[in-house]
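Undergrad: Read off the chains here:
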Amino acid sequence: MKEFDYRRALDVSGALALLDADPDARFLGGGTNLVDLMKAGVERPARLVDVRELPLAGVESTADGGLRIGATATNSDLAAHPDVRRRYPALAQAVLAGASGQLRNMATVGGNLLQRTRCGYFADVTKPCNKRVPGSGCPAVGGEHRNHAVLGASEHCVAVHPSDMGVALTAFDAVVSYETADGPGELPIADLYLPVGDTPHRETALPPGALITGVTLPPAPTAANSRYRKVRERASYAFAIGSIAAALDVRDGVVRDARLAFGAVASRPWRARAAERVLTGAPADAGTFAAAADAELAAAKPLPHNGYKVTLMRNLVVAVLTELAEEATR
Amino acid sequence: MAPAPTSTYSAITLHINGEKHTLSVDHRTTLLDALRERLDLTGTKKGCDQGQCGACTVLLDGRRAVSCLQLAVAAEGREITTVEGLAEDGRLHPVQQAFLDLDGYQCGYCTPGQICSAIAVIEEHAAGWPSAVTEDVRPEAGPPPLTDDEIRERMSGNLCRCGAYVSIVQAVSRAAATTPADRAGTGTTTRAHGADTDSTDPHGTEAAA
Amino acid sequence: MTTTTTGGATFKGAVGSAHTRVEGRDKVTGAARYAGEIPFARLAHGWFVLSTVARGRVRSVEDGPVLGMPGVVAVLHHANAPRVDTDYVGLLGTAPDPTAAVFQHDRVPHAGWPVALVVADTSEQAREAAEALVVHYEQEPHDVTFAAEHPDAYPLDSHGPAVAEKGDLESELAASAVVVDAEYTTPEEHHNPMEPHAATARWDGGRLEVVDSNQGTMWVAGELANLFSLDPASVRVRSEHVGGGFGSKGVRAHQVAAVMAATVLRRPVRVVMTRRQMFSLAGYRSPTRQRLRLGADAGGRLRALEHRSLSLTSTVHEFIETAAGPARTMYDADAHHTANRVVRLDVPTPTWMRAPGEAPGSFALESAFDELAERCGLDPIELRARNEPALGPVSGLPFSGRNLLACFREGARRFGWADRDPRPGVRRDGRWLLGTGTAAASFPAGAAPSTAAVTAEADGTFTVRINAADIGTGARTALTLVAADALETAPERVRVRIGDSDFGPAFIAGGSMGTRSWAWAVTAAAEELLERLTPGAAIPPEGITVRSDTTEAVGALARKERHSFGAQFAEVAVDPATGEVRVRRMLGIFAAGRIVNPLTARGQFVGGMTWGISMALHEEAVRDHATGGHYGADLAGYHVAAHADVPSVEADWIEDPDPDDPVGIKGIGEIGIVGAAAAIANAVWHATGVRHRHLPIRPDRVLTAGAPSA
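Protein chains in written order, with UniProt numbering: chain A, 1 to 330; chain B, 1 to 209; chain C, 1 to 710.
Possibly wrong hints are sitting among the right ones.
Claimed, not checked - Residues on chain A that point at chain B, a partial pick, calculated with CB under 10 Å:
1) GLY30
2) ALA46
3) ASP50
4) PRO89
5) VAL141
What the hints assert, rightly or not - With beta-carbon atoms standing in for the labels, derived distance ranges:
6) B:ASP148 / C:PRO535: 33 to 41 Å
7) B:GLY90 / C:GLU528: 52 to 60 Å
8) C:ARG57 / A:GLY137: 44 to 52 Å
9) B:GLU76 / C:GLY206: 39 to 47 Å
10) C:ARG57 / A:THR180: 49 to 57 Å
11) C:ARG83 / A:PRO23: 44 to 52 Å
12) A:PRO23 / B:SER24: 27 to 35 Å
13) A:ARG256 / B:ASP148: 37 to 45 Å
14) A:LEU194 / B:SER7: 31 to 39 Å
15) B:SER24 / C:HIS159: 49 to 57 Å
16) C:MET69 / B:ARG138: 53 to 61 Å
17) C:THR145 / A:PRO55: 40 to 48 Å
18) A:PRO55 / B:TYR9: 26 to 34 Å
19) B:ASP148 / C:PRO398: 43 to 51 Å
What the hints contain is simulated information worked out from the structure, not anything from laboratory work. Note that CB positions come from ideal geometry on N, CA and C, so glycine has one too.
Kindly generate the complete structure, drawing on both the sequences and the hints.
TA: Right, here's the structure in full:
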């Protein structure tokens, strides 16, 4: 880890000024990912601007019945919040499925969205990686890729986004707010993450020097009947090999509204819109759920050792939607 | 506003176990290394230095955190409690006593982290926080009972390679049963929710539920 | 518990009753200091630089720029490091692993080979300088592929012969009514003790002093004396508290590098491995490929048993994982062939890891027995009962005790085995398929020569000095109880000091032999001391000390098949939709000698069984074939079981004192893992109807193994 300057910001404008859109400077939130990457030599900032004490830690209901989540709210506070648990239970479940109690106490909402992939090649500076060193190659494609992407990847990078929280936020159409020295801006979460293409090192559409200030969830009555299921290689404290955030509104045996997002299958939380289209207006039964999964997974391009993810996601869609349909009609 | 000249060291004051420690730290120094290398508080252990084992768990403003990913300079102004600050007047914290009585360890290296984590688990549960194995997370469902499965999930951020999990869970369970819910910590050291008193306050949640 | 009458007072034995650890308070308050935690004035910090190529030569180490970095005081590498002598045979009867003899030449035999040590005033400075150090290599093509039939594989003897054969295998197989022929594999596994390897070296008045974390200070001191051509008396190694070892904490690169740096710099130097570095510097369990062929008559009696195991080692040192060994103890057959072979690849040298040989070997053997039981239509326990040997199947020697069937009987009763429906894939609990499985366990019971000193102090207490190591086993407490009984006093009056090479020779914490070997020496010294003490006579201020040496007594043990035995039971749940496998409960019943301290002994057995869960479902180091190094070499990439993976795990034991041991001990540190993975894999079959012959049983493997019958 190289030496660096450290500054603590007390307000948003001060944070932006201290960062000064310097490409060698980084905002420090909980540090659970950035500090680890600095130790690994993946990140070598010259300056850290500590934003943990910015007054952005609140979680509040909006006038229209949505939710506004401050960027420095910890993952723990988000998961414990009664409005989150009541109105967006899949979001609380997703956050609780991530990391450990210690890490959730430290990690912030803004940092969670911007965390980097846990691809073992990315984290190891002795190995090539297009995301870390553009043009150096992607050894995962021909090497270890059991937990790599089956959707939306390219030959240049098959890494997956590790967030659980982001999967639920994606299912619920979250909008990410940010500030820059030139003023505020907003991005729907679906547009926050850039396609991989041949530029896997460019991960988000945020302008240079931007600070995420919060996430807004629009009102979503369907979200009250939602669930997050995560599959991993041990029962806890592990990243997903496949996860799903799902919400279902069923009336008279027919799906009125469905929200579906996948985790650990793509470079970003994956909104399953093709599946949602199949679901909406169709009978809420296993046949529909399987057809919806197949519609989404038709685009999957598995590598030699991660084809199981297609089976896994199909089974998860059917299992979780079946559970939600039962609860909706109970 | 132009940034001030670059510096890579800072003079800071850390509040640890009720005492103030003033020192100059390299910004690279983690709280874990500051405790172990600078302040001779070696009870907090370095198992992986990557946030992947939990051996370095301490309480920050009453909440558990891994000190290996916490920069020391960024910990200024926060109340830090380490395993050395848990016993009062030579009397072990109920969680420490339960680990000792029920053999909730073997080599002992993950133990301080397990104990700090367990103290926080009992507080988080008392505050009504759900976990990943809580069947129904909605506040209307009420707080889940602190079953062995709940303890296991909540303690999963603390690895024990000796495989003492079974007796650790017994120790946490016993300590939880004998610790007043409103005072899981030692009072002087642990607060479940830092300085925030807004609606994210877990005690507020419990009161509302 | 025993009651002895001495001089009219009733003495109540401590051995056999539960005692909390004597160092327990230190461990729960953080007061116990481990190797990297002893402060030294003027301490410097060393940080390893490891090779990024898997085979080749170091062309140059560009140390100039790094020496100019803040705080850097030295860069040691092959061109400037002190020379060491590796031409000797160490305590365990082998030449030193050249991996530990760092910086002696420019050859790079594997990825992660130590090429330099950067020493600086602070650890932050050392790390940054180590990361900045540029090393140029001449890279050569490497071979890290562990293939089933590698042309260069060869048989290698270790504590037993590589190959043991009797009978005509092919004709017995041809004559068998039922045959099982299957290949099983286990992956590369790493010890990953929670405490990383750490050593501080310094010269103090002409003596080399090393504060270390190891499984035997005498072992490490002896190796360092040999390596640095020092008088053994001038080397002192201390290791008071050890944060886990499991076989990995012997002589390693960190101690040698620390001694080199302390010698060059004339100041104390500490070297701590990072978790990532441990994956190439601390040893590991070789992956295995095992072929089992079992032939039985219609009644399940074995006519043929073949167990062939292939493991790997480095190009610089021989080590073999003797997975075909357990069959030589467990089961007899008219034709009985076992063979351990090894192949040299461009990888680090593997080493002993908890139950070496038995852990992977029992997975294959006990899984194959379950398959044989299925094909014979026999209960798996009944199949084992029908194949109980009267004598050692290969040695022909009598067993010192073999209570395997008693373990199965007690385990079956407590686990509820009698109610088991043998059909696979027919039990459901919601989304989970349920199944149960069992397996047998064995591990050698041995003793090795040790010395001890016991002192009667003037204040009426006793001090035991023995160079034992407590790596979490509870040895310190067990020896306290053993000494108290031998001295006919209360444990509170006995102080046991361990982990100091100045205490004289004693065996290491290894081979499940530590506590037995040490207890023997402590008992001998204590009993002699008790005889010397005159009731009522004053004890001089310096106390009265008696020393023991068990070399002769241990050497006089008659040759027998000496083992602990056990029966493992597991219940699992498998979600066929996601491939998740969860262990719901485990029970292990062991016949493992006299149990000194039930509280800590239970921890040893349960800890071993927990390792079995971890081995069955989680553990696997992945090698990247392109670079020859690891992929995901950390605790997020290499999963060990977490709290949530470990349900109710019960262990208990039956009466089984060793008649030839003064205390009756056999050893309990390793048998808990033996057979545990097989019991779980057998339960997965019972749940799903699908056999899993490759560990770990990951979700993707369950999903791709085909849809089980529901």
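Undergrad: Look at each hint and say if it fits the structure.
TA: Hints, verified against the model:
1. Because the smallest distance between the Cβ of GLY30 (chain A) and any Cβ of chain B comes to about 8 Å, under 10 Å, the interface hint for this residue holds.
2. With 10 Å as the threshold, the beta carbon of ALA46 (chain A) comes within range of chain B, its nearest partner Cβ sitting at about 7 Å, so the hint holds.
3. Hint on ASP50 (chain A) holds. Least Cβ distance to chain B is approximately 5 Å, under the 10 Å limit.
4. Because the beta carbon of PRO89 (chain A) sits about 5 Å from the nearest beta carbon in chain B, less than 10 Å, this interface hint is met.
5. A distance limit of 10 Å between C-beta atoms decides the matter here; for VAL141 (chain A) the minimum to chain B is near 26 Å, and the interface restraint is violated.
6. Taking the beta carbon of each, ASP148 (chain B) and PRO535 (chain C) are about 52 Å apart, not inside 33 to 41 Å as hinted.
7. Between GLY90 (chain B) and GLU528 (chain C) the C-beta distance comes to about 39 Å, which lies outside the given range of 52 to 60 Å.
8. Between ARG57 (chain C) and GLY137 (chain A) the CB atoms are about 25 Å apart, so this pair departs from the stated range of 44 to 52 Å.
9. Judged by the Cβ atoms, the range 39 to 47 Å given for GLU76 (chain B) and GLY206 (chain C) holds: they are separated by roughly 45 Å.
10. Here the CB-CB span from ARG57 (chain C) to THR180 (chain A) is close to 51 Å, well matched to the stated 49 to 57 Å.
11. Checked against the hint of 44 to 52 Å, the pair ARG83 (chain C) and PRO23 (chain A) passes, with Cβ atoms roughly 47 Å apart.
12. A hinted range of 27 to 35 Å for the beta carbons of PRO23 (chain A) and SER24 (chain B) is consistent with their spacing of about 29 Å.
13. In this structure, ARG256 (chain A) and ASP148 (chain B) meet the distance hint of 37 to 45 Å, their C-beta atoms being roughly 40 Å apart.
14. About 35 Å separates the C-beta atoms of LEU194 (chain A) and SER7 (chain B), a value consistent with the hinted range of 31 to 39 Å.
15. For the pair SER24 (chain B) and HIS159 (chain C), the beta carbons lie near 55 Å from each other, so the given range of 49 to 57 Å is met.
16. For the pair MET69 (chain C) and ARG138 (chain B), the beta carbons lie near 56 Å from each other, so the given range of 53 to 61 Å is met.
17. A hinted range of 40 to 48 Å is violated for the C-beta pair THR145 (chain C) and PRO55 (chain A), which are about 56 Å apart.
18. The hinted range of 26 to 34 Å is satisfied by PRO55 (chain A) and TYR9 (chain B), whose Cβ atoms lie roughly 28 Å apart.
19. ASP148 (chain B) and PRO398 (chain C) have their C-beta atoms about 45 Å apart, which keeps the hinted 43 to 51 Å range intact.
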